[in-house]
Structures are given as C-alpha cells and as structure tokens.
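Just so you know, the sequences run in chain order A and B. According to our numbering, the residues represented by the first sequence are 5 to 174, in order. According to our numbering, the residues represented by the second sequence are 9 to 285, in order.
Hints listed in this document are in silico derivations from the structure and should not be mistaken for laboratory results. Quick reminder that beta carbons are idealized off the backbone N, C-alpha and C, glycines included.
Heads up, simulated PhoX-like pairs for lysine-lysine below, C-alpha to C-alpha not over 25 Å straight-line:
{"hint": "1", "chain 1": "B", "residue 1": "Lys109", "chain 2": "B", "residue 2": "Lys98"}
{"hint": "2", "chain 1": "B", "residue 1": "Lys70", "chain 2": "A", "residue 2": "Lys64"}
{"hint": "3", "chain 1": "A", "residue 1": "Lys167", "chain 2": "B", "residue 2": "Lys50"}
{"hint": "4", "chain 1": "B", "residue 1": "Lys67", "chain 2": "A", "residue 2": "Lys62"}
{"hint": "5", "chain 1": "B", "residue 1": "Lys61", "chain 2": "A", "residue 2": "Lys64"}
Simulated DEER-style distance windows between Cβ atoms:
{"hint": "6", "chain 1": "A", "residue 1": "Arg41", "chain 2": "B", "residue 2": "Phe153", "range": "28 to 38 Å"}
{"hint": "7", "chain 1": "A", "residue 1": "Arg104", "chain 2": "B", "residue 2": "Phe153", "range": "23 to 33 Å"}
{"hint": "8", "chain 1": "B", "residue 1": "Pro166", "chain 2": "A", "residue 2": "Lys132", "range": "54 to 64 Å"}
{"hint": "9", "chain 1": "B", "residue 1": "Leu45", "chain 2": "A", "residue 2": "Glu148", "range": "30 to 40 Å"}
{"hint": "10", "chain 1": "B", "residue 1": "Gly266", "chain 2": "A", "residue 2": "Lys39", "range": "43 to 53 Å"}
{"hint": "11", "chain 1": "B", "residue 1": "Met163", "chain 2": "A", "residue 2": "Gly13", "range": "35 to 45 Å"}
Next come the chains, spelled out residue by residue.
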Amino acid sequence: MLNTKLKVGDKIFFSGTIYTARDQAHKRLAEAIKKGRRFPIDLKGAIIYYCGPTKTPKGKIIGSCGPTTSSRMDEFTPILLKAGVAGMIGKGSRSQEVIRAIKKYKAVYFLTHAGCGALLSKYVKKVKPVAYKDLGPEAIYQLEVKDFPLIVGIDARGNSIYKEASTKIK
Amino acid sequence: MRIISAIKIRDAVNDLCLRANLFLKEDILAALKAAYLNEANKKAKDILQAIIKNALIAKREKLAICQDTGLPCVFVEIGENVKISGDLKKAINKGVELGYKKGFFRNSVIKDPLSRGKPGYQPAIIHIDIVKGNKIKLTVLPKGFGCENKVQLRMFKPTASIVEIKKFIVQTIKDAGPDACPPYVVGVGIGGTADYACFLAKKALLKNIVHSSGFIVHRLERELLKEINKLNIGPMGLGGKTTALAVNIETYPTHIAGLPVCVNISCHALRSASEII
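Extracted from the complex, chain A is given alone in its bound form (with noise of 0.2 Å):
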C-alpha cells in the first residue's frame, strides 16, 4: 500500500477514484457497518473525499467541488476505517481517536484546497451519484480525478501537519 510511503506535508497529485460523502452520507454509512447491513459501495482501499458539490452548469462534468470541514466526521471515522477505507480528503484538523485511527488502519488523511472550489472542478474529469441520491448534494458521488492536488495532512505513523504548525505559536 502507497499509504505508508507518504509523509506528513507531502504534496501529491492524485488521479484516480475517490468518492464524496459529508455528513449525513457519513451517519448512514456508520449505521449500515455497525447493523451489519449491505452498504452502497465497496469502502476496501476506498477514498473518501468530504465534500458536497454544487449543482452542475450545462456544459461542465462538475460544479464548484471544494473541501467541507472534516472535524465533522470524527466520530464516523474510526468506524469506515476499520471498514476499510484508506484515505480521507478534507480540510482542517481531526480528533485524537482520528488519529489513533488513521495509525492504527495506516489510512492516511490528505488536505486540499478549502475553499478552492472552481479550481478544483478543473481536476475532475468524471462524475456519477453511485448511492444515497435522496441527499441531493449530500450523495454520495464517484469522482474520476486527475492530478487532483493534495497535501497529507496525517499520515500512517499517525503524525499531523496541524500539530506542527500549532507548535511554532509558543
């Protein structure tokens, strides 16, 4: 697996496959794992990228697709870890179970752009809603990516690029 090679603050260019979910995408998944249920899509080595696209203008594959707050999504986390999944995209900090998590699976969490949406539409070259369309923009959708760029923002030794900014303040 790539995951153990990547350091924190890597800068990277992902092209392949990833797949949104944001919150209640998040909420439905956990609950499906945990009951034991069939869950829409296959989340071994999966990539999940937290985000919630706008609707999409004639003429584009995507809208405006940047990065929604991860924080949100700590405590499913530890739970589509262990399901399988080997990295998250997002944006700003994660819990210490996150973390411990993300060791633990060697999973790895990468930033991207906040707020960069229209830019990062320029990265995706396909788009299909694959499950939970009731949702709207909360769907979850597969994204073909290109180049997709990406900073490891904790990585499988479970080291965070926040805990090393936070420490140049004192």
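Fit chain B to the supplied structure of chain A, relying on the hints for placement.
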C-alpha cells in the same frame, strides 16, 4: 410615497445572489494579493495563489467561488417613504431560489433543523430595517457554514477590560484554527443584547475591509488583527503571517449590567453584494 414592486425586489435579489457567489469582492481580492506579497512562507504563498486563482476561474467560468454557497442572508433597508406592492419576504425568497438555480449553486437549506429532510434553496435569513428616504437597499451575504459553526458569544461583565475582550476574540480565532478556511475576516459585535451582538457581528462582515471607524474601534481593530496574525495559523492552517485579512467591529449602546461580545468568522471567501433600488 414611492411604490416599489415586489417583482423588482425579487429580480434584484436574484442578481445579487449570482454576483455574490461568482465574483469575489474587490476589497477581499486586493487583501489576498497583498497577503501573497507579504508572506515569506512558501506553503502560505502557494495556498494564497490557489485562492486567487480560484476567484479568477469562478469569475471567468461562472462557477461558484465555493461549493458552500451558504445560507443566504439578506439585509433589507427600506426607506420609510416606500410602499411595497406585493409580498416582500416571498419576493426575497423567490429571488434567492431563482438566483441559486440559475447559478447552479448548492441547495443547502433544509426545512427543519431536527428532522432535516431534503435540501432546497430557501428560506433565506432576512433582516429588515426601516431607514429614512424613499429607496430600498438590498444586500445578500451567502454565509458558508464551515465558518458560521465557529461563532462565539460571550456576555462579559460591564467592568471587563479591553484586554479580556481582546483575549476572547483572539481565542475564538484560535479555536477555529485551520477548520474554517483561513485567512479569515473577523466580524465582531459589541454591545446591545445577546441576539443583537450576534447580528452586529454578522453585519460587521458587510463592511468593506478597508473602512473608517471611530478612533477607539479603529485602534482595537488594528491591534486585534496584529495579534491574530501572530497566531501562525496561516492560510489553510499551515502556518504563515496571514491568519486574518481584517477585523471589523460594530458597536451599539448596551445595558449598565452587561457587555455582550459576539465574534463571527468569515472564511476567505467572504461574499456579499448590494444594490439600491
């Protein structure tokens, strides 16, 4: 009496929603460019550059600056010599819906905070004020919730010092940390009642970030900005000199027993647009 039709108001709100969400305000863009030049940190520079590029792409391609096109807040100042023909609130909400649909913006509004339900476009949060004159001023502020979630209110004792108040404001920014899309614009409401201080803090975000205010307030704004920018949160929270672009303070008379202070944070994509009819 001047008669203004609700349809005119609807159409103006429609336009303002589009303008606010597609075109980053000139003062914000200028502040971001200045911050880019001022930063020495390479990471911070790169991130600011992406933010500036994002604004240019949004404008050129008519894409929302941010996918969180917010909970639309609409501020209405109605001249007392104006009579509106039609339903004002309906017109505003309809204008919001039309503008958001036209711009392919996000339907982020749910009808019930507890049962949630399917997201739609309205209602907007509407603030109405009666002022002198025979015109109507409309302002649309699409407020993203990544930053709205970081609002804090504290009811200080009337004997509290400026130092304590400053500490609370700076701590609010520290608590928001990297989560609410820094660099921030900080709106502060001081005075009034608890609810009014919150309103003032939001209203402070409408001011051009290069503005003039009274001497004491202006000094406080400057000092706070300096202190906040020492926090080294920086663009995207990765460190740097630019944690906030500006601090705007609005004040109002208050009660002898109190001193309410509310801090409302805006992400770097502070969007608003105004029109006078």
